[in-house]
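*Asks:* What follows is the residue order along each chain.
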Amino acid sequence: MMAEEWEPKIVLFACNWCSYGGSDAAGVARFQQPPTTRIIRVMCSGRIDPAFVLEAFLEGADGVCVTGCHIGDCHYINGNEKTKVRYSFLERVVKELGIEPERLRLEWISASEGEKFANFVKQVTEDIKKLGPSPLKPEGVQ
Amino acid sequence: MNVGECYLGWSTKDEVREKGASGGLVTSVLAAALEKGLVEKVLVLKKISEYDAEPIITDSVDEVLESAGSLHAVPVGLSKKLGLQLTRLGKKIATVGKPCDVRGMYEMALRDQINIDNTYIVGLNCGGTMPPILTRKMLREVYEIDPEEVVEEEIAKGELIFKTKDGKEIAKKIDELEEMGYGRRENCRYCFVKIPTNADLACGNWGVPKAKQGQATFVEVCSEKGIELLENAVNAGYIELESASEKGINARKKVEQAMIDLASKWREELLPSIPDEERLSFYIKELEDCIGCGACKTVCPVCACGDDSKCTTMISELDNHKISLYHLIRFLHIMDSCVACGMCTDVCPAEIKMSQLQARFSLPFQEEKEYVAGMTLEKPPFFEVR
Amino acid sequence: MKSVCPGCNFGCGLYLQPKDEEMIALDYRRGILEVDFKKGSEVNEGKLCKFGVELPEYYANKAVSKVDGSEVEFEKAVEEAGKRLAGKDAVFLSFGDSTCEELIALSKLADGKIESGLGALSDIDETAYMCMAVGIPYEDIEKANSIVLINVDPYAQYPLILRRILRAKENGCKVAYVGWRKPRNLADKVILLSPSTWIKTLAELENELSEFLGEGCVVISDLHPHVHPAQVKTALNLGKGNVLFLKPFANLTGLMLLKSSVSDDRTLDNLISEIEEGNVKALFVHEADLIEVMPDSERVKEALQKLEVLVVQTSRASPITEMAHVVIAPEQLWEKKGVVVNNEGRILEVGGERTDGFEALCKVAEALGKEKIEFDDAHKQVLEKVGVDVVNEYTVPAYERKEYPAQSIEAQESDIETALVKVYTPFTWRDMEGQYICLSINTIASKGIMKGNLVTVGANGNEGRYPFRPDDVADDVVLTFGRIDIAKENITPLEKIENTIWTEEKEE
Ligand SMILES: Cc1cc2nc3c(=O)[nH]c(=O)nc-3n(C[C@H](O)[C@H](O)[C@H](O)COP(=O)(O)OP(=O)(O)OC[C@H]3O[C@@H](n4cnc5c(N)ncnc54)[C@H](O)[C@@H]3O)c2cc1C
Ligand code: SF4
Ligand code: SF4
Ligand code: SF4
Ligand code: SF4
Ligand code: FES
Numbered sequence: 003m004m005a006e007e008w009e010p011k012i013v014l015f016a017c018n019w020c021s022y023g024g025s026d027a028a029g030v031a032r033f034q035q036p037p038t039t040r041i042i043r044v045m046c047s048g049r050i051d052p053a054f055v056l057e058a059f060l061e062g063a064d065g066v067c068v069t070g071c072h073i074g075d076c077h078y079i080n081g082n083e084k085t086k087v088r089y090s091f092l093e094r095v096v097k098e099l100g101i102e103p104e105r106l107r108l109e110w111i112s113a114s115e116g117e118k119f120a121n122f123v124k125q126v127t128e129d130i131k132k133l134g135p136s137p138l139k140p141e142g143v144q
Numbered sequence: 568m569n570v571g572e573c574y575l576g577w578s579t580k581d582e583v584r585e586k587g588a589s590g591g592l593v594t595s596v597l598a599a600a601l602e603k604g605l606v607e608k609v610l611v612l613k614k615i616s617e618y619d620a621e622p623i624i625t626d627s628v629d630e631v632l633e634s635a636g637s638l639h640a641v642p643v644g645l646s647k648k649l650g651l652q653l654t655r656l657g658k659k660i661a662t663v664g665k666p667c668d669v670r671g672m673y674e675m676a677l678r679d680q681i682n683i684d685n686t687y688i689v690g691l692n693c694g695g696t697m698p699p700i701l702t703r704k705m706l707r708e709v710y711e712i713d714p715e716e717v718v719e720e721e722i723a724k725g726e727l728i729f730k731t732k733d734g735k736e737i738a739k740k741i742d743e744l745e746e747m748g749y750g751r752r753e754n755c756r757y758c759f760v761k762i763p764t765n766a767d768l769a770c771g772n773w774g775v776p777k778a779k780q781g782q783a784t785f786v787e788v789c790s791e792k793g794i795e796l797l798e799n800a801v802n803a804g805y806i807e808l809e810s811a812s813e814k815g816i817n818a819r820k821k822v823e824q825a826m827i828d829l830a831s832k833w834r835e836e837l838l839p840s841i842p843d844e845e846r847l848s849f850y851i852k853e854l855e856d857c858i859g860c861g862a863c864k865t866v867c868p869v870c871a872c873g874d875d876s877k878c879t880t881m882i883s884e885l886d887n888h889k890i891s892l893y894h895l896i897r898f899l900h901i902m903d904s905c906v907a908c909g910m911c912t913d914v915c916p917a918e919i920k921m922s923q924l925q926a927r928f929s930l931p932f933q934e935e936k937e938y939v940a941g942m943t944l945e946k947p948p949f950f951e952v953r
Numbered sequence: 082m083k084s085v086c087p088g089c090n091f092g093c094g095l096y097l098q099p100k101d102e103e104m105i106a107l108d109y110r111r112g113i114l115e116v117d118f119k120k121g122s123e124v125n126e127g128k129l130c131k132f133g134v135e136l137p138e139y140y141a142n143k144a145v146s147k148v149d150g151s152e153v154e155f156e157k158a159v160e161e162a163g164k165r166l167a168g169k170d171a172v173f174l175s176f177g178d179s180t181c182e183e184l185i186a187l188s189k190l191a192d193g194k195i196e197s198g199l200g201a202l203s204d205i206d207e208t209a210y211m212c213m214a215v216g217i218p219y220e221d222i223e224k225a226n227s228i229v230l231i232n233v234d235p236y237a238q239y240p241l242i243l244r245r246i247l248r249a250k251e252n253g254c255k256v257a258y259v260g261w262r263k264p265r266n267l268a269d270k271v272i273l274l275s276p277s278t279w280i281k282t283l284a285e286l287e288n289e290l291s292e293f294l295g296e297g298c299v300v301i302s303d304l305h306p307h308v309h310p311a312q313v314k315t316a317l318n319l320g321k322g323n324v325l326f327l328k329p330f331a332n333l334t335g336l337m338l339l340k341s342s343v344s345d346d347r348t349l350d351n352l353i354s355e356i357e358e359g360n361v362k363a364l365f366v367h368e369a370d371l372i373e374v375m376p377d378s379e380r381v382k383e384a385l386q387k388l389e390v391l392v393v394q395t396s397r398a399s400p401i402t403e404m405a406h407v408v409i410a411p412e413q414l415w416e417k418k419g420v421v422v423n424n425e426g427r428i429l430e431v432g433g434e435r436t437d438g439f440e441a442l443c444k445v446a447e448a449l450g451k452e453k454i455e456f457d458d459a460h461k462q463v464l465e466k467v468g469v470d471v472v473n474e475y476t477v478p479a480y481e482r483k484e485y486p487a488q489s490i491e492a493q494e495s496d497i498e499t500a501l502v503k504v505y506t507p508f509t510w511r512d513m514e515g516q517y518i519c520l521s522i523n524t525i526a527s528k529g530i531m532k533g534n535l536v537t538v539g540a541n542g543n544e545g546r547y548p549f550r551p552d553d554v555a556d557d558v559v560l561t562f563g564r565i566d567i568a569k570e571n572i573t574p575l576e577k578i579e580n581t582i583w584t585e586e587k588e589e
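Chains as they are written, first to last, in my numbering: chain A, 3 to 144; chain B, 568 to 953; chain C, 82 to 589.
Some clues are possibly wrong.
What the hints assert, rightly or not - 25 angstroms max Cα-Cα, derived SDA-like pairs, lysine to any residue:
hint : chain 1 : residue 1 : chain 2 : residue 2
1    : B       : Lys613    : C       : Lys418
2    : C       : Lys83     : C       : Gly433
3    : A       : Lys97     : B       : Glu726
4    : A       : Lys97     : B       : Lys936
5    : C       : Lys577    : B       : Lys739
6    : B       : Lys732    : B       : Glu746
7    : B       : Lys730    : B       : Gly694
8    : A       : Lys139    : B       : Asp886
9    : B       : Lys920    : C       : Gly433
10   : B       : Lys739    : B       : Phe849
11   : C       : Lys528    : A       : Lys97
Treat the hints as calculated values from the structure; they're not laboratory data.
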């Protein structure tokens, strides 16, 4: 088998109302984007427990993205503001653990921002490719 | 009497004043609160030996009176003990507490574990506690005395003094002992809350004039409940008070500041920064011996989740993660509220310095959020948005 | 109140406090007791393993006194036990899960013949008995030059020994491990056992580990009714007296001290065979459960049904209390007055006040026309046996160790290709271990087993499906700490290891 270029695995959490719509819009409009992401749809970014993100890393994700509606647009009053608080905790944990900050990302993407979504995925993929596989990947996981 | 005032006080009972660490005031205030019905129960330590004591919640005045005296080699966590008790059912309890205990109580109150209104807290100044078994070893190997022979220990002028049954008195410099690996627990060395002003009363021997050393307790009134406690004890004839002198008040402040400066030094020494690229392997190595017993969570005053918590239910024996998710969740959950009490380190069967690891996350984060855990009933950062 | 953890023979100290009635309802932590950590305990410095931390849950499970399946008063059960055992030549079984005083009362009842289940060790030279019964003090481990772990994986089995080994390592000690699962990064040298050659490997260890043996070497092994004699002999041979056997029952050391020998004891397997054959018709089980401790629980249940009389005195509800003709349910260990002796020979007060269990044994003995003993006399006998005047938790009494000759080990080999190996932890004995298997990364990869799937394993014509975890075991080993129904022995040859296909599962 020919040695293929390494492709990272990125777990992307998307809220049902905005960022998941954004990913849909990116697909419908056929914006080019790498096949590196595994999207997990949640009803609101506020549902994304920091533990999910940490678990994704421990299971072997090379990067994790948290996405949701723009501040003020959350469909559950202020779910994304809570996400912001939690994200500040997550950032500190990831940083203190010595995991490269590029592996954890937060982005607000609306349902109409298909291009933004595609570019975001492209950018994250490129950044992580430069870093190589995550140091937290368990033995035996690709 | 007003909040913010400082007094010197002592027990009117000779044996309590004698047995008490300073003036036996703490014990007498607690006993008076119980006897006069201010509270239904009291949380104190029941001494087993110089190195061992059991925290008890008692309604016996005698048991309270027996608790007089400071046990510097008994690092017991009192907040969790209190949290599992009855203040939430409307029962009133009075308790002693070192600063970390009191801070733990506040964090527990924020999590609805304790009803602070029903809790009377007599705080003790704290220079640090020592691990009991290590202290016994130190006595054998450095002091060259049988730990069983010790009748009294004392900290004075940076020295740790032990007195034996046959009247011997041996003093050694704490700095030197700590360089040898003995002395106070590591977290105590960089603990920077030395006077528990968040308690109802803050008691200690700092600020007691030389002539009254060992005969009086310095007490700062920190709340209305504090006034209630003191007045009750005076009225019940348990204690006598006189105003503290300006000189004493300043002396106390000076020692406190010196201790805080020392703590900063220890923090640098015990929590040295690690280069970015080495940190992950540092944490993996530090945590590699964890056996998942859950003791560190059980004792943590900041954790109020009980048996069905995320950190314990989201992990599985089947995982082969490089770090346990249990720890990552805990680092994150406790980050804004860890009071650095060191209980988690004390109980770890794998000798993992959990408190010291947690501090690497907590201390900078609490600084960033400008929050000192356990000092007020303000919401901690995690609950910034409601 | 001061207490000793009943989870194994380590002797960890802790404080227990019964919770107020209203607190039990309110508390987010389960159980009727609250644990406080006893940091002044020399044994464990307040540290506990999962068992100790979760002790309130363990103690929440209480047995009730029964006669023929119906609940009765405690006294009635005791009386009935006396009646039913009268005239029967009963066997008395105990693994030492109670106080020494109770064991003395039991010994009176059993005419000095308590079966311990340790029959496999009966041919080991009597001069080595003391070294099997009582180990070296834990503190000496910290001072060792080298440590050899024989089938003791501290992480899974006896976690409280880990910190002693870690401290020893800080002092420059080298560690060798021989056993079924690599203990993380603890050992400098690891010899993983293989089911076909493991006894041979043990027999030849002296050469393999030559750099670890000699002056200042401490050998740590475990000892329980299922231990293979080859393992114990190996530990004795390598340790030359400097050995520590870790035991899974709260006072197995005490039992061994009181017994002075196990040379007349049966193995559990033999005991069950004799029940099957009708040679044993009456059995008195003291604080133990034969059903839980045997790999093949079905066989045990069938055998026990053949008994004319099965009396169980235990404070913990378990499968055997469902079957017994008479269940005597006394106070739990923490409530008992009396002492236990831990692995290192330290004598520890249990901390309670009650003697119901003791009295029950005395009453049954009286009913059978045997000599009665007062509690204080029993206590005195214990002190005499241990050789101390008072109970002092801070000192380890001195025990007389004799030199013993090297024990010969028959270096058998077998043609087992792959086997399911059961490793015993303090949890295993109470059937509290998780039901999963450990597989090597190679096995997982070669069988195409996916994370989250169940693995089908087959033995003796039976099949079972179990969750798995990747682990550091040999490729021909499937390891389990818990009960796996298809296993009939401690090492069960396997016919099949396969990834379970999920679609199949869904169709069912
Ligand atoms: C570990 C420790 C360190 C201290 N360090 C300082 C210091 O550096 N500077 C200073 O000014 N004062 C310090 N104190 C406080 C001081 O020793 C006296 O406790 C205080 O002055 C009150 O004296 P008293 O005679 O009124 O108390 P007492 O009447 O003797 O009452 C003492 C109370 O403290 C409780 N207690 C004893 N040991 C502990 C313990 N380990 N943890 C929690 N509660 C305990 C007892 O149950 C009792 O209720 C310290 C106290 C402790 C326990
Ligand atoms: S953590 Fe601070 S308050 Fe607590 S025992 Fe140590 S020095 Fe005292
Ligand atoms: S994490 Fe440890 S040091 Fe921090 S509050 Fe909890 S028990 Fe205390
Ligand atoms: S106390 Fe130690 S061994 Fe137990 S879970 Fe915490 S870190 Fe792990
Ligand atoms: S090691 Fe044994 S005695 Fe200690 S806590 Fe665990 S089960 Fe209990
Ligand atoms: S619904 Fe999109 S963030 Fe809340």
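*Asks:* Quick one: which hint numbers does this structure break? Sort them smallest to largest.
*Replies:* Structure breaks hints 3, 5, 6, 9, 10 and 11.
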